[in-house]
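Listed below, chain by chain, are the residues.
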Amino acid sequence: MKKAKNVHSAAAITNRSRRRSMQRYSPLFLLPTVIAFGIGFVWPFVQGIYLSFFRFKTLRFIEFVGFDNYTAAFQDESFLHSFVFTVGFTLVSVLIINLLAFAVALVLTKGIPGSTVFRTVFFMPNLIGGIVLGYIWKMLLDGLIIRFLDSTLALNATYGFWGLVVLLSWQQIGYMMIIYIAGLQNVPVEYIEAAKIDGAGNWQILRHITLPCVMPSVTICTFLTLTNSFKLFDQNLALTGGAPFRRTEMLALNIYQSFYNNVTNMGVGQAKAVIFFLVVVVIALTQLYFTRSKEVQE
Amino acid sequence: MPQPKQHNRTRNVNSLLTVLFIVLSVLWMFPIVLVLINSFKDSGAIALTPFDLPTEQTFVAMQNYITGMNNGNFPFYMSVLYSTLITVLSVALILLCTSMAAWYINRVDTLWCRLIYYLCIFSMVVPFQMVMFTLSKTADNLGLNTPWTIPIIYLGFGAGLAVFLFSGFIKSIPQEIEEAANIDGCNPLQTFFLVDMPVMRSTYISVAILEIMWVWNDYLLPYLVLDRTRFMTIPIHIQFLQGSFGRVDYGATMAMIMMCLLPVVIIYIACQKHIIKGVLSGAVKG
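Going line by line, the protein sequences match chains A and B.
For reference, each letter of the first sequence is one residue, going 1 to 298 in our numbering.
For reference, each letter of the second sequence is one residue, going 299 to 584 in our numbering.
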């Protein structure tokens with residue numbers, strides 16, 4: 001690159017020369033982030049894909065096995081079960097969280113007294129980290145289950161499933177509520193007034209005016225809850241840890257165990273991780289498609 | 299104006315809803331109140347009667363807090379210190395480096411810049427499990443396994459979202475003010491720090507809040523990356539108290555959970571508006 005002289009003389013400043021003068025500063029602006037990004041993301045990602053085709057326990061001895069790790073992953077009963085468990089959990093929690101969050105948001109935008117306080121209270125759990133959250137609910141739910149159902153979270157996978165749903169709902173309803181409130185506040189008042197004058201009932205207004213207007217929020221919330229539930233790890237580890245017998249293990253935890261729970265071949269874990277990544281990419285692309293198709297309409 | 303009769307009905311519905319929501323709010327806070335109550339009881343009482351108020355026999359005053367804080371060969375206050383250190387360093391590093399990178403990417407806009415930008419967006423999609431093993435090995439090899447160096451890992455893995463959020467705002471800054479600064483003799487560094495940084499204040503706050511919430515609560519990344527014989531963070535310590543050994547001191551765990559909730563609640567009440575705004579801006583991530 002040639003050094004441009006006189007970059008500071010006012011006359012010489014065109015867009016292009018400004019850019020060129022800026023490029024001399026790239027080591028300062030760009031390099032720290034790029035190096036860290038390389039260490040923290042690009043290299044581990046590439047190496048991760050590479051290693052999924054190898055058999056290894058330490059990085060000193062790796063043996064190429066082609067797609068064997070992937071075959072092994074799909075033949076692993078615990079992996080398939082965690083997949084089904086995760087999908088079931090995701091569907092249930094997405095539905096519950098969004099319905100409740102939307103209902104709460106509807107009430108809180110009506111202007112009832114104390115709305116701000118309620119909003120503050122409902123959002124609070126979102127700030128608590130997954131591990132702490134898991135142990136709070138473990139104590140509470142185990143207390144209830146021991147007293148009324150004569151069992152524990154660690155003994156019954158059904159309780160574990162619903163325990164996770166309750167926990168995640170407690171954490172995420174407030175968050176989604178905030179997004180729905182923001183969406184509801186953008187619904188033009190004139191539309192609702194006009195519908196009222198035309199004699200529309202509350203339900204009709206909700207169905208034909210409010211809901212179509214907050215569709216962007218619905219899309220955002222659905223995908224946020226979808227990815228959050230699908231990738232759940234900390235809460236799963238703390239609340240059930242997969243007990244009993246890996247029956248409440250979700251995908252992320254299953255992958256973790258395939259690496260760090262005395263395994264003979266970590267390659268299978270890495271292959272599972274690649275499969276997991278691909279599923280998440282599909283979810284993200286679907287979201288992109290939905291958001292784009294909305295933008296066209298507007 | 300609605301008719302008087304209808305008006306009356308709406309008012310009744312509204313007060314009914316208020317009562318319902320007061321009950322719901324109390325229920326919503328119940329788990330935290332329960333932890334608070336239990337943190338003053340002895341371990342046996344927590345396991346057997348978690349919903350009872352402390353009695354004379356089960357009340358242990360601050361004992362749980364004292365044992366929790368000092369117990370073991372790795373005292374809890376050390377974890378608090380390391381968590382704070384890691385969070386402050388990482389967030390400061392992320393804010394400074396990614397805002398500069400995002401600005402440069404937007405203003406220079408070469409092919410390389412675009413490539414980096416799209417890689418950043420791509421990285422937001424990738425789940426941590428995908429790079430978990432290789433990342434912790436890389437960090438180990440490069441000696442990035444201490445609280446003073448782990449911020450580099452956080453900068454690397456968290457760069458995507460931060461660059462994306464900063465870029466969104468930087469696009470909206472009119473370039474004319476930068477050109478004016480340039481004519482007045484500012485070099486790009488001066489332009490960035492003196493002209494752009496002040497304008498981006500609210501974006502800095504939003505990104506800072508998102509990153510603080512992430513780093514402070516993060517469990518798996520520090521668990522795998524840090525040299526655990528020497529360093530722990532709060533989530534790792536809580537998991538360690540509960541999970542690792544046969545005998546679990548419930549009392550101490552409750553007290554320590556309370557210790558991590560306390561600062562979160564205080565900070566939340568103090569800057570609620572910023573937090574909610576920050577979280578909303580992060581909602582685009584998906």
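No wet-lab data here; the hints were simulated from the structure.
Wrong hints could be hidden among the right ones.
Cβ-to-Cβ under 10 angstroms is the rule here; a few derived chain A residues that face chain B [as the list claims (entries may be wrong)]:
| hint | residue |
| --- | --- |
| 1 | SER21 |
| 2 | LEU31 |
| 3 | ILE35 |
| 4 | TYR70 |
| 5 | VAL104 |
| 6 | ILE205 |
| 7 | ILE209 |
| 8 | CYS213 |
| 9 | MET215 |
| 10 | SER217 |
| 11 | VAL218 |
| 12 | ARG247 |
| 13 | LEU251 |
| 14 | PHE277 |
| 15 | LEU285 |
| 16 | TYR289 |
No farther apart than 27 angstroms at their CA atoms in a straight line, the calculated lysine-lysine pairs in the BS3-like style are these [stated by the list, open to error]:
| hint | chain 1 | residue 1 | chain 2 | residue 2 |
| --- | --- | --- | --- | --- |
| 17 | A | LYS231 | B | LYS469 |
| 18 | A | LYS57 | B | LYS469 |
| 19 | A | LYS196 | A | LYS57 |
So the derived list for chain B, only partly shown, Cβ under 10 angstroms to chain A, looks like this [to be verified]:
| hint | residue |
| --- | --- |
| 20 | PHE349 |
| 21 | LEU351 |
| 22 | ILE392 |
| 23 | VAL429 |
| 24 | ALA437 |
| 25 | PHE490 |
| 26 | MET552 |
All C-beta atoms, glycine included, are put in the ideal place defined by N, C-alpha and C.
Evaluated hints:
With its C-beta approaching chain B no nearer than about 7 angstroms, SER21 of chain A sits inside the 10 angstroms limit, and its interface hint holds. Annotation: LEU31 of chain A was flagged as interfacial toward chain B, and the flag holds, the nearest CB pair being 9 angstroms apart, inside 10 angstroms. The restraint placing ILE35 of chain A at the interface with chain B holds, with a minimum CB-CB distance near 8 angstroms, inside the 10 angstroms limit. For TYR70 of chain A, the interface hint is violated, the least distance from its beta-carbon to any beta-carbon of chain B being 14 angstroms, above 10 angstroms.
At its closest, the beta carbon of VAL104 of chain A sits 8 angstroms from a beta carbon of chain B; the interface hint therefore holds under the 10 angstroms criterion. Residue-level restraint check for ILE205 of chain A is violated (minimum Cβ-Cβ distance to chain B is 14 angstroms; threshold 10 angstroms). About 18 angstroms separates the beta-carbon of ILE209 of chain A from the nearest beta-carbon of chain B, more than 10 angstroms, and the hint is not met. Taken as an interface hint, CYS213 of chain A does not check out: its beta carbon lies about 17 angstroms from the nearest beta carbon of chain B, beyond 10 angstroms.
Against a cut-off of 10 angstroms between C-beta atoms, the interface hint on MET215 of chain A is violated, since the closest Cβ of chain B lies about 15 angstroms away. Interface hint status for SER217 of chain A: upheld, as the beta-carbon distance to the closest one in chain B is roughly 9 angstroms, under 10 angstroms. The beta carbon of VAL218 of chain A comes no nearer than 12 angstroms to any beta carbon in chain B, farther than 10 angstroms, and the hint placing it at the interface is violated. The restraint placing ARG247 of chain A at the interface with chain B is violated, with a minimum CB-CB distance near 18 angstroms, outside the 10 angstroms limit.
Because the smallest distance between the Cβ of LEU251 of chain A and any Cβ of chain B comes to about 8 angstroms, under 10 angstroms, the interface hint for this residue holds. Taking 10 angstroms as the C-beta cut-off, the interface hint given for PHE277 of chain A holds, the closest approach to chain B being about 4 angstroms. Among the interface hints, the one on LEU285 of chain A holds; its C-beta lies about 9 angstroms from the nearest C-beta in chain B, closer than the 10 angstroms criterion. A cut of 10 angstroms between beta carbons decides the hint on TYR289 of chain A: the least distance to chain B is about 12 angstroms, and the hint is violated.
Of the supplied pair hints, the one linking LYS231 of chain A and LYS469 of chain B is violated, its CA atoms being roughly 31 angstroms apart against a limit of 27 angstroms. A C-alpha spacing of about 47 angstroms is found between LYS57 of chain A and LYS469 of chain B, which places the hinted pair above 27 angstroms, so the restraint is violated. Distance hint between LYS196 of chain A and LYS57 of chain A is unfulfilled; the C-alpha atoms sit about 68 angstroms from each other, more than 27 angstroms. For the restraint placing PHE349 of chain B at the interface with chain A, the shortest Cβ-Cβ distance is roughly 6 angstroms, inside the 10 angstroms limit, so the hint holds.
Look at LEU351 of chain B: its Cβ only gets to about 14 angstroms from chain A, farther than 10 angstroms, so that hint breaks. Because the closest C-beta pair between ILE392 of chain B and chain A is about 9 angstroms apart, less than 10 angstroms, the hint holds. At its closest, the beta carbon of VAL429 of chain B sits 4 angstroms from a beta carbon of chain A; the interface hint therefore holds under the 10 angstroms criterion. With a least beta-carbon distance of about 8 angstroms to chain A, the hint placing ALA437 of chain B at the interface is held under the 10 angstroms criterion.
The restraint placing PHE490 of chain B at the interface with chain A holds, with a minimum CB-CB distance near 8 angstroms, inside the 10 angstroms limit. The criterion of a C-beta within 10 angstroms of any C-beta in chain A is met by MET552 of chain B, whose closest approach is roughly 7 angstroms, and the hint holds.
Comparing the model with each earlier hint shows violations of hints 4, 6, 7, 8, 9, 11, 12, 16, 17, 18, 19, 21; every other hint is respected.
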